[in-house]
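First to last, the sequence lines map onto chains A and B.
Numbering-wise (the working numbering), the first sequence opens with residue 1 and increments by one.
Numbering-wise (the working numbering), the second sequence opens with residue 1001 and increments by one.
It should be emphasised that the hints constitute simulated quantities derived from the structure, not laboratory data.
Hints should not be assumed to be uniformly reliable.
[Unchecked claim] Partner residues aside, some chain B positions facing chain A, computed with beta carbon under 8 angstroms:
# : residue
1 : 1053
2 : 1081
3 : 1083
4 : 1090
5 : 1092
6 : 1097
7 : 1101
8 : 1105
[What the hints assert, rightly or not] Simulated crosslink set (DMTMM-like; lysine to aspartate or glutamate; CA at most 25 angstroms straight-line):
#  : chain 1 : residue 1 : chain 2 : residue 2
9  : A       : 310       : A       : 159
10 : A       : 123       : A       : 262
11 : B       : 1015      : A       : 340
12 : A       : 314       : B       : 1099
13 : A       : 194       : B       : 1122
14 : A       : 314       : A       : 326
15 : A       : 313       : B       : 1094
16 : B       : 1135      : B       : 1072
17 : B       : 1135      : A       : 335
18 : A       : 185       : A       : 10
19 : A       : 9         : A       : 178
20 : B       : 1114      : A       : 197
21 : B       : 1135      : A       : 197
22 : B       : 1135      : A       : 239
23 : B       : 1058      : A       : 262
24 : A       : 217       : B       : 1099
25 : A       : 217       : B       : 1094
26 : B       : 1077      : A       : 262
27 : A       : 257       : B       : 1054
28 : B       : 1090      : A       : 206
29 : B       : 1090      : A       : 140
30 : B       : 1135      : A       : 262
31 : B       : 1077      : A       : 27
32 : A       : 254       : B       : 1054
The C-beta atom is built at its ideal place from N, Cα and C for all residues, glycine as well.
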Amino acid sequence: MINVEDLRKEAKRILKEGKVKYVIGYERDQNGLLPKPAFIKDPDDVDRMIWDPTCIHNLTKFLVDEKKRKAAEKKPDERPVGIVVKGCDSRAIVVLLQEKYIDREDVHILGLSCENYGVIDEKKLAKKLKGKKAEKIELDDHGNFVITAAGGTIKIPADELLAERCLECPANFPVVYDLLLGDKKKKKVDEPFKSLEKMESLSENERWSFWTEQLSKCIRCYACRSACPMCYCDECVVDTINFAVTADTTATEKAGKIKWVEKSPAPSENFVYHMVRAMHLAGRCIDCGECERVCPLDIPLRFLNKKLEKEAKKLFGYMAGFDPDEPSLVSSFKDEDPEDFIR
Amino acid sequence: MAENFEPKIVAFLCKWCSSAGSDLAGVSRMQYPPNVIPIQVMCSGSVSPLYIFDAFNKGADGVLVSGCHPGDCHYIKGNFYARRRIALVKNLLEFIGLEPSRFQMSWVSAAEGKKYTQIISDFVEQLKPLGPQTKLRRNQ
Chain A
1 MINVEDLRKE AKRILKEGKV KYVIGYERDQ NGLLPKPAFI KDPDDVDRMI WDPTCIHNLT
61 KFLVDEKKRK AAEKKPDERP VGIVVKGCDS RAIVVLLQEK YIDREDVHIL GLSCENYGVI
121 DEKKLAKKLK GKKAEKIELD DHGNFVITAA GGTIKIPADE LLAERCLECP ANFPVVYDLL
181 LGDKKKKKVD EPFKSLEKME SLSENERWSF WTEQLSKCIR CYACRSACPM CYCDECVVDT
241 INFAVTADTT ATEKAGKIKW VEKSPAPSEN FVYHMVRAMH LAGRCIDCGE CERVCPLDIP
301 LRFLNKKLEK EAKKLFGYMA GFDPDEPSLV SSFKDEDPED FIR
Chain B
1001 MAENFEPKIV AFLCKWCSSA GSDLAGVSRM QYPPNVIPIQ VMCSGSVSPL YIFDAFNKGA
1061 DGVLVSGCHP GDCHYIKGNF YARRRIALVK NLLEFIGLEP SRFQMSWVSA AEGKKYTQII
1121 SDFVEQLKPL GPQTKLRRNQ
């Protein structure tokens, strides 16, 4: 079991020694069970940091923000940023390293192993509690979540409460870290793409009606894009940049500003947006589930990314987020890549 | 309606091979269906997935991406990248429920005018029974 005091001690040490600018971790939110991100600059504040199965967020997005902020500063503080990561989050860092978006020196990684389990799914929890408000969630030694809610404690087997991604996690411990807390033991996952099977067994028309129903809901708030640590482009293809077309505007300038996707949340446009996003995340998505978590309309976005993750593994033997020195999926090839679909 | 339906195919053709192949078919006066809108690209590897989605979005009934045979790429390895990327696009389109035969890829060299006409004829034959593509089409 991980003792959160060890984490606090290390955070305190690196802050005191001035090794890092600040530490990004989790802290208890006043309002409810789920934690919120904590940005700790003062070594005396480290007691705010927590670690429990409710720490569902992927904090690596803040590394992307930090890089953008640093680029805008005149005299940036060159020290690294400390960050608390789980297994999945550490793979996000690996992808950012692989793409040379951040350097290894930019970040001090405090890795926490999920130790056979993982984090909870807030929607599953809400269903179990039937309106009651949970105050505390702990994992006991027998693989049960012990939930303290109004009027006593409830024991629920971990598998019923874990997030879908945790049930299919390829490595529930950090793959890159400066400090590792907890055991580096791997839970055996028999069916890493189980959630997809139901979808894939549907007929073409059933799949189409499923996605039409789901993607028609999309209001294009772009929360999925905002929460994704991999969506770091300065200019996104779905953002229409209006510019004045005058007599002097050259064809090249016009061609560079094609309106690929309409802003209106019509189903046809939503399809293009979500498919483009899925393609851009092919071989990069590390399945942290943030897009689905932040979606205000509960669109199962994770399926799209998971599908391409599955194909990448099946067709090309590629798994995202394990080796920062490996070339990325779409910028590499092998002679023996399948081509049976090509005439 | 269905029997009179003429599908509209958007074909992304590599400048160095498939486009020249279609040219050969033309100058040799080979007969093939006039349903194709050819778009010359510099390499099949330069075809972004967005081009394909956008073609469907703007009313294509079928999309063809055609490049050089593996090993023949003018840019040495562009078609190898294309092969990977297009495999993913194809799987994604099938996953969301588009008919698999609406999207195809082929290798056509500059000398294969005959193969090009064959591919187009077969593609049109496959698309005719499917009717117009309305799934991804933008409502006008």
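Checked hints:
1. Evaluation of the residue 1053/B hint against chain A yields a held restraint, the C-beta minimum of about 5 angstroms falling below 8 angstroms.
2. With a least beta-carbon distance of about 6 angstroms to chain A, the hint placing residue 1081/B at the interface is held under the 8 angstroms criterion.
3. Hint status for residue 1083/B relative to chain A: holds, with the closest Cβ pair at about 6 angstroms, below 8 angstroms.
4. Contact between residue 1090/B and chain A, as hinted, is supported at the beta carbon level, the nearest pair being about 6 angstroms apart and thus within 8 angstroms.
5. Given the 8 angstroms rule on beta carbons, the hint for residue 1092/B holds: about 6 angstroms separates it from the nearest Cβ of chain A.
6. Because the beta carbon of residue 1097/B sits about 3 angstroms from the nearest beta carbon in chain A, less than 8 angstroms, this interface hint is met.
7. For residue 1101/B, the shortest C-beta to C-beta distance to chain A is roughly 11 angstroms, which exceeds 8 angstroms, and the interface hint is violated.
8. Interface restraint check for residue 1105/B: the shortest CB-CB distance to chain A comes to about 5 angstroms, inside 8 angstroms, so the restraint holds.
9. Using a Cα cut-off of 25 angstroms, the hinted pair residue 310/A and residue 159/A holds, with the two alpha carbons roughly 22 angstroms apart.
10. At most 25 angstroms may separate the alpha-carbon atoms for a hinted pair to count; residue 123/A and residue 262/A exceed this at roughly 32 angstroms.
11. Proximity of residue 1015/B to residue 340/A is assessed by CA-CA distance (about 23 angstroms); at most 25 angstroms being required, the pair is judged to hold.
12. Simply put, residue 314/A and residue 1099/B have alpha-carbon atoms about 22 angstroms apart, close enough for the 25 angstroms limit, and the pair holds.
13. With a C-alpha separation of about 37 angstroms, the suggested pairing of residue 194/A with residue 1122/B is violated against the 25 angstroms cut-off.
14. Simply put, residue 314/A and residue 326/A have alpha-carbon atoms about 18 angstroms apart, close enough for the 25 angstroms limit, and the pair holds.
15. The straight-line distance between the Cα atoms of residue 313/A and residue 1094/B is roughly 17 angstroms, inside the 25 angstroms bound, and the hint therefore holds.
16. A C-alpha spacing of about 36 angstroms is found between residue 1135/B and residue 1072/B, which places the hinted pair above 25 angstroms, so the restraint is violated.
17. Only pairs whose Cα atoms come within 25 angstroms are accepted, and residue 1135/B paired with residue 335/A is rejected, the gap being roughly 35 angstroms.
18. With a C-alpha separation of about 22 angstroms, the suggested pairing of residue 185/A with residue 10/A holds against the 25 angstroms cut-off.
19. Taking the CA atoms of residue 9/A and residue 178/A, the gap is about 14 angstroms. The hint holds against a cut of 25 angstroms.
20. Our distance criterion of 25 angstroms between C-alpha atoms is broken by residue 1114/B and residue 197/A, whose separation comes to about 41 angstroms.
21. As the CA atoms of residue 1135/B and residue 197/A are separated by approximately 23 angstroms, the hinted pair is consistent with the 25 angstroms bound.
22. Simply put, residue 1135/B and residue 239/A have alpha-carbon atoms about 23 angstroms apart, close enough for the 25 angstroms limit, and the pair holds.
23. This hinted pair checks out: residue 1058/B and residue 262/A have alpha carbons roughly 11 angstroms apart, not beyond 25 angstroms.
24. Between residue 217/A and residue 1099/B the alpha-carbon distance is near 23 angstroms, which keeps this suggested pair within the 25 angstroms criterion.
25. As the CA atoms of residue 217/A and residue 1094/B are separated by approximately 21 angstroms, the hinted pair is consistent with the 25 angstroms bound.
26. With a C-alpha separation of about 34 angstroms, the suggested pairing of residue 1077/B with residue 262/A is violated against the 25 angstroms cut-off.
27. Taking the CA atoms of residue 257/A and residue 1054/B, the gap is near 15 angstroms; set against the 25 angstroms cutoff, the hint holds.
28. Proximity of residue 1090/B to residue 206/A is assessed by CA-CA distance (about 18 angstroms); at most 25 angstroms being required, the pair is judged to hold.
29. Note on residue 1090/B and residue 140/A: the hinted pairing is violated, with a Cα-Cα distance of about 45 angstroms set against a maximum of 25 angstroms.
30. Restraint check for residue 1135/B and residue 262/A: the C-alpha separation of about 16 angstroms stays at or below 25 angstroms, so the hint holds.
31. Note on residue 1077/B and residue 27/A: the hinted pairing is violated, with a Cα-Cα distance of about 49 angstroms set against a maximum of 25 angstroms.
32. Using a Cα cut-off of 25 angstroms, the hinted pair residue 254/A and residue 1054/B holds, with the two alpha carbons roughly 17 angstroms apart.
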